[in-house]
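A.B. asks: Letter by letter, the chains look like this.
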Amino acid sequence: MDPVIRIENVTYTYPDGARPALDGVSLDILPGTFTAVLGSNGSGKSTLAKHLNAILLPGAGRVLVDGMDTADEKDLIAIRRRVGMVFQNPDNQIVANVVEDDVAFAPENLGVESAEIRRRVDAALKQVGMYDFRMHAPHLLSGGQKQRVAIAGVLAMDPEVLVLDEPTAMLDPRGRREVIASVERLCRDRGITVVLITHHMDEAARADRVIVMDRGRIVMDGAPGQVFPQADRLRALRLTVPETTELILRLRAAGLDLPPEAVTPEACADAVKEALCH
Amino acid sequence: MSLIELRGLTHVYSQGTPFEKTAIEGLDLTLERNATVGLIGHTGSGKSTLISHLNALLKPTAGTVLLDGEDVFASKASIRAARFRVGVVFQYPEYQLFEETVAADIAFGPKNLKLPQPEIDRRVAEAAAFVGLGEDTLTRSPMELSGGQKRRAAIAGVLAMEPELLVLDEPTAGLDPAGREDLLEKLFAWRQARQAAVLLVTHDMTIANRCDRLVVMSEGKIVMDGAPAEVFARGGELTAIGLDLPAPALIAELLRRRGVAVPAGVYTADQLYDAILALRGEGGAPC
Numbered sequence: 131m132d133p134v135i136r137i138e139n140v141t142y143t144y145p146d147g148a149r150p151a152l153d154g155v156s157l158d159i160l161p162g163t164f165t166a167v168l169g170s171n172g173s174g175k176s177t178l179a180k181h182l183n184a185i186l187l188p189g190a191g192r193v194l195v196d197g198m199d200t201a202d203e204k205d206l207i208a209i210r211r212r213v214g215m216v217f218q219n220p221d222n223q224i225v226a227n228v229v230e231d232d233v234a235f236a237p238e239n240l241g242v243e244s245a246e247i248r249r250r251v252d253a254a255l256k257q258v259g260m261y262d263f264r265m266h267a268p269h270l271l272s273g274g275q276k277q278r279v280a281i282a283g284v285l286a287m288d289p290e291v292l293v294l295d296e297p298t299a300m301l302d303p304r305g306r307r308e309v310i311a312s313v314e315r316l317c318r319d320r321g322i323t324v325v326l327i328t329h330h331m332d333e334a335a336r337a338d339r340v341i342v343m344d345r346g347r348i349v350m351d352g353a354p355g356q357v358f359p360q361a362d363r364l365r366a367l368r369l370t371v372p373e374t375t376e377l378i379l380r381l382r383a384a385g386l387d388l389p390p391e392a393v394t395p396e397a398c399a400d401a402v403k404e405a406l407c408h
Numbered sequence: 446m447s448l449i450e451l452r453g454l455t456h457v458y459s460q461g462t463p464f465e466k467t468a469i470e471g472l473d474l475t476l477e478r479n480a481t482v483g484l485i486g487h488t489g490s491g492k493s494t495l496i497s498h499l500n501a502l503l504k505p506t507a508g509t510v511l512l513d514g515e516d517v518f519a520s521k522a523s524i525r526a527a528r529f530r531v532g533v534v535f536q537y538p539e540y541q542l543f544e545e546t547v548a549a550d551i552a553f554g555p556k557n558l559k560l561p562q563p564e565i566d567r568r569v570a571e572a573a574a575f576v577g578l579g580e581d582t583l584t585r586s587p588m589e590l591s592g593g594q595k596r597r598a599a600i601a602g603v604l605a606m607e608p609e610l611l612v613l614d615e616p617t618a619g620l621d622p623a624g625r626e627d628l629l630e631k632l633f634a635w636r637q638a639r640q641a642a643v644l645l646v647t648h649d650m651t652i653a654n655r656c657d658r659l660v661v662m663s664e665g666k667i668v669m670d671g672a673p674a675e676v677f678a679r680g681g682e683l684t685a686i687g688l689d690l691p692a693p694a695l696i697a698e699l700l701r702r703r704g705v706a707v708p709a710g711v712y713t714a715d716q717l718y719d720a721i722l723a724l725r726g727e728g729g730a731p732c
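First to last, the sequence lines map onto chains A and B. First residue of the first sequence? That's 131 in the working numbering, and the numbers climb one at a time after it. First residue of the second sequence? That's 446 in the working numbering, and the numbers climb one at a time after it.
Be aware that one or more of the hints could be misleading.
Quick list of simulated restraints, FRET-style, between CB atoms [stated by the list, open to error]:
hint : chain 1 : residue 1 : chain 2 : residue 2 : range
1    : A       : G189      : B       : G471      : 26 to 32 Å
2    : B       : V668      : A       : L270      : 20 to 26 Å
3    : B       : K666      : A       : A201      : 54 to 60 Å
4    : A       : A245      : B       : A709      : 54 to 60 Å
Calculated directly from the structure, the hints in this document are not laboratory data. The beta carbon of each residue, even a glycine, is placed where N, CA and C say it ideally should be.
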């Protein structure tokens, strides 16, 4: 399968940066997959995300979206339609006074025909569970609801890839659950490619693939079940392991026969029950 | 005597207008010195309204705020005193840095106290040391710092006021796991050294788990108040008001649903580990 995003040996240094924020990064993202990107503050995660839809352009190397080079200005609009971004603070991303107007904003700007806009806005709001709020004022919604409206705004562009840069950092637990559940559904049911930048290990545990960055490089890359059991290495990178993995590693050390790759709470509970039966 | 005592605290926003909204209603709460209290509750539960009363940023619609037994709103002088004795670090405080150097930013509060210069210098140095900012950092512009350093500089500015009650609203949001741990340890050390009271607003149940006491808010009221063990034993109620369980409590609950006989009250990693090992070979799981 051809990757939807291909990053080839990308290096990027901010104008005032002493060292590169990205240092020779290569990465293929396959369509329909859910990738989580982890790393300490300053590891290059957000810089990487901003390269995926040409907010930043590589200093060296190149980024291809469906084969189009992000440095090629004539493809800029096509690239931004394919790769939508959602940021940390929902209040900075909402522009209209009514939820459905906000979601319609991007397709209107793209000159999409109005019946099609109506269809897309309704579909997008249903996909994130916000259809019943379509006539509400965005500033009266909760953080999790606002963030889902922001995601719907991106969906209305009919993107192939959804990039989310710490979308839950400012949300309460219910808001976090709502947003992550929506994102997971979009990937699993609708085949949208998801790239999720996060500090929350429990969110990353739900992905197909976890990428760990350190000082502008990719230092770990694998399924959550392969990455998280490497507890010492993660701690050395200023990260933690999910509490599920921590428990499983301790129980294994005590002689219980448990698979280290059971990283979600559900998988962990299944594995413990199974092990207690043997 | 308790450091802070709230009696029947009620706050109604936009009273007498069509937008009238009761944010908190009839709250009773005491905060003691040398203890860390976690304040948890979903967005809109009234946490921010509550903390804005502690240093007199908001005046109660009804009820009183007592600081060392004295009504905070008794006079202009008592309001001013509360602003100095209760330090509040709001969310994302790094956006509030404005001075030319980090040292000047940290010194802003103590200067307003009209302290003598040597005392200001001492407080700046001490607060910076507490949050782990080196001397070389103090002469730099706050704009040159990393996100984590800015956060610590902003917190140092409040510590330099040497508050008796330090209130922090989500101090670790957006920090990486190691940065989160580092900041928490520094805050716990500061609290210990100053024998101060700390009120920590958090959505992170791992952090809540480490407080001496938890206060849970929902719909403008305090619905639980007790040790983490007591609060997390009421997992179903927490989930119902939109909060998380700590991961070990969640796994324990999932195991019970699978017929594994994990005892009630398990909410820490150690307890869960012990409970699972105790079930080994005991027929504690349906097979």
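A.B. asks: Are the hints correct? Go through all of them and say.
C.D. replies: Going down the list of hints, with the structure as the test:
1. A:G189 to B:G471: 26 to 32 Å: Since G189 (chain A) and G471 (chain B) have Cβ atoms about 60 Å apart, the given range 26 to 32 Å is violated.
2. B:V668 to A:L270: 20 to 26 Å: This hint holds: roughly 24 Å between Cβ atoms.
3. B:K666 to A:A201: 54 to 60 Å: Since K666 (chain B) and A201 (chain A) have Cβ atoms about 56 Å apart, the given range 54 to 60 Å holds.
4. A:A245 to B:A709: 54 to 60 Å: Between A245 (chain A) and A709 (chain B), where Cβ atoms are some 56 Å apart, the hint holds.
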